[in-house]
Amino acid sequence: MALLELHEVSRHFTLPRSILDMVTGQPAAMLQAVRDVTLSVAAGETIGIVGESGCGKSTLARVVAGLQPPDAGKVVFDGEVIDGPDRRGRIQMVFQDPYSSLNPRMTVGALLNEVVARYRKDLSRNERRQEVADTLRRVGLLPDMAEKFPHALSGGQRQRVSIARALCPEPRILVADEPVSALDASVQAQVINLFQRLSVEQGITIIFISHDMQVIRHLCSRVAVMYLGEVVELQATEDLFARPMHPYTRGLIDAVPDVKRRGKGDRRPVTGEMPDPFLQIDGCRFAGRCPDVGSRCAERQNLRTLADSISVRCWKAGRITEALESTSAQKERPKENGND
Amino acid sequence: MDGVSFDVEPGEIFGIVGESGCGKSATCRSILRLFGGADARISGGEVLLEGRGDLLAMSERDLGEIRGKDVAFIFQDPLTTLNPTMRVGRQIAEVIERHSKVSRRDARSMALELLRDVHVTSPERRLDAWPHELSGGLRQRIVIAMALALRPRLIIADEPTTALDVTVQEQILRLLLERRQETGTAIILVTHDLGVVSEVCDRVAVMYGGRLVEVGTTDEVLDRPRHPYTRALLAALPSLAMRGQALTPIEGAPPSLISPPSGCRFAARCPWAEDNCRIGPPPPLERHDSAGLGHVDACLLEC
Amino acid sequence: MIRFLRNPSGLCGISMMLILGIVVVLTPIMSPFDPYALDFGNALRPPGAMHWFGTDNFGRDIFARVVAGAIYDLRLALICVFGPMVIGILIGLCAGYFGGWVDTLLMRLTDIVWAFPFYVLVLTIVGVLGPSEGNLYVAFFLVNWIGYARIVRGETLVIARMEYIEASRVLRFGAPRIMLRHILPNAVTPALVYSMSDVVLTVQAVAALSFLGLGVQPPAPEWGLMIVESVDYMRDAPWMTIFPGIAIAWVGFAFASLGEGLSTVLKPKG
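Each protein sequence line maps, in turn, to chains A, B and C.
Read in order, the letters of the first sequence correspond to residues 92 to 431 in this note's numbering.
Read in order, the letters of the second sequence correspond to residues -1 to 301 in this note's numbering.
Read in order, the letters of the third sequence correspond to residues 13 to 282 in this note's numbering.
Rather than coming from a laboratory, the hints here were simulated on the basis of the structure.
A virtual CB, placed ideally from N, CA and C, is assigned to each residue, including glycine.
Any given hint could turn out to be false.
Unchecked claim - What follows is a set of in silico ranges between Cβ atoms, one per label pair, in the way DEER data are often shown:
| no. | chain 1 | residue 1 | chain 2 | residue 2 | range |
| --- | --- | --- | --- | --- | --- |
| 1 | B | Thr119 | A | Ser272 | 23 to 31 Å |
| 2 | B | Ser257 | A | Asp235 | 18 to 26 Å |
| 3 | B | Arg222 | A | Arg211 | 51 to 59 Å |
| 4 | B | Glu10 | A | Asp235 | 45 to 53 Å |
| 5 | A | Thr105 | C | Arg120 | 31 to 39 Å |
| 6 | A | Ser245 | C | Val150 | 51 to 59 Å |
| 7 | A | Pro234 | B | Arg222 | 38 to 46 Å |
| 8 | B | Ala161 | A | Glu218 | 44 to 52 Å |
| 9 | B | Pro279 | A | Tyr190 | 33 to 41 Å |
| 10 | B | Glu58 | A | Pro195 | 37 to 45 Å |
| 11 | A | Lys212 | B | Ser257 | 41 to 49 Å |
Claimed, not checked - DMTMM-like, lysine to aspartate or glutamate: derived pairs with alpha carbons at most 20 Å apart:
| no. | chain 1 | residue 1 | chain 2 | residue 2 |
| --- | --- | --- | --- | --- |
| 12 | A | Lys351 | B | Glu218 |
| 13 | A | Lys351 | A | Glu329 |
| 14 | A | Lys351 | B | Asp191 |
| 15 | A | Lys351 | B | Asp221 |
| 16 | A | Lys351 | B | Asp217 |
| 17 | A | Lys351 | B | Asp200 |
| 18 | A | Lys239 | A | Glu261 |
Please build the complete structure, drawing on both the sequences and the hints.
This is the structure we're talking about:
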């Protein structure tokens, strides 16, 4: 049995209606932030959730952590349905903004001590202090950092403190919501390495949410791609990047500026604008921007399992990928005749 | 900023890349003296615009002539660049009217043309839209349209895509490339993202600690980086690393610009630093052996 | 603390209060007069060597009364300000943190109290309960908390959405701990600054109430009351009015400066 299971989790937000709307009987505007997400996470794996703004990944993160309840569906952790944050703190969260993740009026030591005191009631005061120092070392910080206030720390250090705080209850799952997006590239590397260490050395299950495909590719073994609240593709990382099945995934990968690729290659990046998220679309939500839109796209699309551990929400998937592969194979053949 | 010198050729896209606090924003704002009330002063140097002379020595009035007309500026956040109380068509038209003597109606139709140039869908309708009704990508297109309005010879874009989603970023970058092709305008593109530089820029300058540390063509700098900072920056990128292998971060933190260290400003974090690196003035940008033509770097060591 | 003293406003405020404090402490030693002692033979004497601030119509030494009044007025002001402040802070925290019906309920309650002019409410309460110092406290406790509730609710609304509060919830810290240990220290500064000006306003309000005969009763040496009692004698013995008035202004200015200093110093660093 998987460690964490999501069954058709949905969450929507409704705007309050104006009086005019109430009088005329207009239904309230509803935004489906997360729609029918079904996902299984195995113990010890690092799964990435990638998507752009408005795709619902942050909302999904908060539902998994128990901060927001799902409006439909359920989240099952270790056999039990989640109802609010885990009582034993076994699911913890790391947030995006290093500046609002820490209480500006508490020293690092004080805030870590508070968590240790909550979860390790058996420790004496000195033992707690030792535990705080150990936790700081675990995330690559020196114990003397405990005296400092958050404003004296750099963004990367603050994120590490946030991670330290999340590690104190010895969680089984760490939900990381864009933890490196606000950091400089050189500092991102430090924090990414830390996540990797936590996964490899301590076997913590990590749900890593990001809009940055390259980070996800580096860190995660499986990736779920989200678009407008739905999971549109779920595959092992290397397979996803080698053979993306969903048109949006392809477009997303092609859109990422890559130092290695440098403007070459056959790319089909995504065109058009993201539709109004309040619009109720019955069929495929990507159809408006899809280069391969077809007749059946107006029907509601389900997440199909194409093969073992490959799921796509597109009726054409599989067929399109083959077609593209054969076209690009044709294009490559002339180049092989020694030009470089 | 300290001793920053570079040339931008007509029609080229010149990238300035660096991390936060390296001085890249300050550099491009200094070109047009756009300090926005900050307590900043230019203490030396010159900015020469072909056919116009030194922008730093010019009167405010002459500079006002050039701003928008010869040199346009694109800021990072389109939401704060656009006036929320004015329809976008009007804002574009206003730019045109301010610098040339056209009627209101003509300015409006020129604005419509510009919207088509930047591939805004349903341009007639968008002319009368309010900024808050538009998505981030559309807003940035409007800002680009405003920048292109007077056919400037140079556009300075300060992190124009940082606040945008990656698919939108791709569209905007492609738009800039296309516009450069059509109008021959040069672009100075400031970014922290080496990927963006690799996709779009012809030449690139790397900044660290308020100084330039390497300048060259994009291919040269990205394939054969000479300065240790450039190398370290590339090594820290996840895209170039093997899966499962640890990345190579740059330990330490950027130097204080208030009291910069003597010698090379990167020495404290440089894995190859020697004693010479920490004394005296910071090393100058020079062409070293085996570097390509036009490829200069500010490192004393040859490697 | 040190930063507070370096700040000019804070320094000013503290010094003024210190001067007042020194005077209050030293007076029983220096001045032999009892603030309550009647001495009709010496009535209405202008300020002189014997009576530094002169005497009032009952022959009481005004200096002694002003100094005695300091303790009285300050005690009044502090209770009438800090008591309601605690109430208001708790209400504001709950409203801002829990939101939903709790917030609606508490805010409607606030609105109801807010809808009535301050003096109308206080007068009604004191009028019903009878004029006395104790009933003055009751009235203020029932009425004066609304400003604090609103201020703290506003701050709480912002802070409760911060990621470190979300983190606290994921860490299963209880609501009381989150509100008091995490939100309150970050939300309280505007309330503290407001309380400084509230002290000034309260001293004036108490004086006004004394003027109306409600609140503190004679022969208490409360400054407002002293001014009221001097009204008939303003032309002949202006010193009866002036000195208590200066005292009120002094304390007012001191607290305003303290508030200035506090707001600068308490800004969170970084």
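Quick rundown of the hints versus the structure:
1. B/Thr119 / A/Ser272: 23 to 31 Å: About 29 Å separates the Cβ atoms of B/Thr119 and A/Ser272, which means 23 to 31 Å holds.
2. B/Ser257 / A/Asp235: 18 to 26 Å: holds, 23 Å
3. B/Arg222 / A/Arg211: 51 to 59 Å: holds, 53 Å
4. B/Glu10 / A/Asp235: 45 to 53 Å: For B/Glu10 and A/Asp235 the Cβ distance comes to about 49 Å; the hint holds.
5. A/Thr105 / C/Arg120: 31 to 39 Å: violated, 23 Å
6. A/Ser245 / C/Val150: 51 to 59 Å: holds, 53 Å
7. A/Pro234 / B/Arg222: 38 to 46 Å: holds, 42 Å
8. B/Ala161 / A/Glu218: 44 to 52 Å: holds, 46 Å
9. B/Pro279 / A/Tyr190: 33 to 41 Å: Taking Cβ atoms as reference, B/Pro279 and A/Tyr190 lie about 36 Å apart, which means the hint holds.
10. B/Glu58 / A/Pro195: 37 to 45 Å: holds, 41 Å
11. A/Lys212 / B/Ser257: 41 to 49 Å: Holds - the Cβ-Cβ distance for A/Lys212 and B/Ser257, about 47 Å, lies within 41 to 49 Å.
12. A/Lys351 / B/Glu218: holds, 13 Å
13. A/Lys351 / A/Glu329: Distance ~17 Å between A/Lys351 and A/Glu329 Cα, so the pair holds.
14. A/Lys351 / B/Asp191: Holds, at roughly 13 Å.
15. A/Lys351 / B/Asp221: It holds: about 9 Å lies between the C-alpha atoms, which stays within 20 Å.
16. A/Lys351 / B/Asp217: The hint holds at about 10 Å.
17. A/Lys351 / B/Asp200: Between A/Lys351 and B/Asp200 the Cα gap is close to 15 Å, so the pair holds against 20 Å.
18. A/Lys239 / A/Glu261: Distance ~24 Å between A/Lys239 and A/Glu261 Cα, so the pair is violated.
Checked against the numbered hints given earlier, this structure breaks hints 5, 18; the rest are met.
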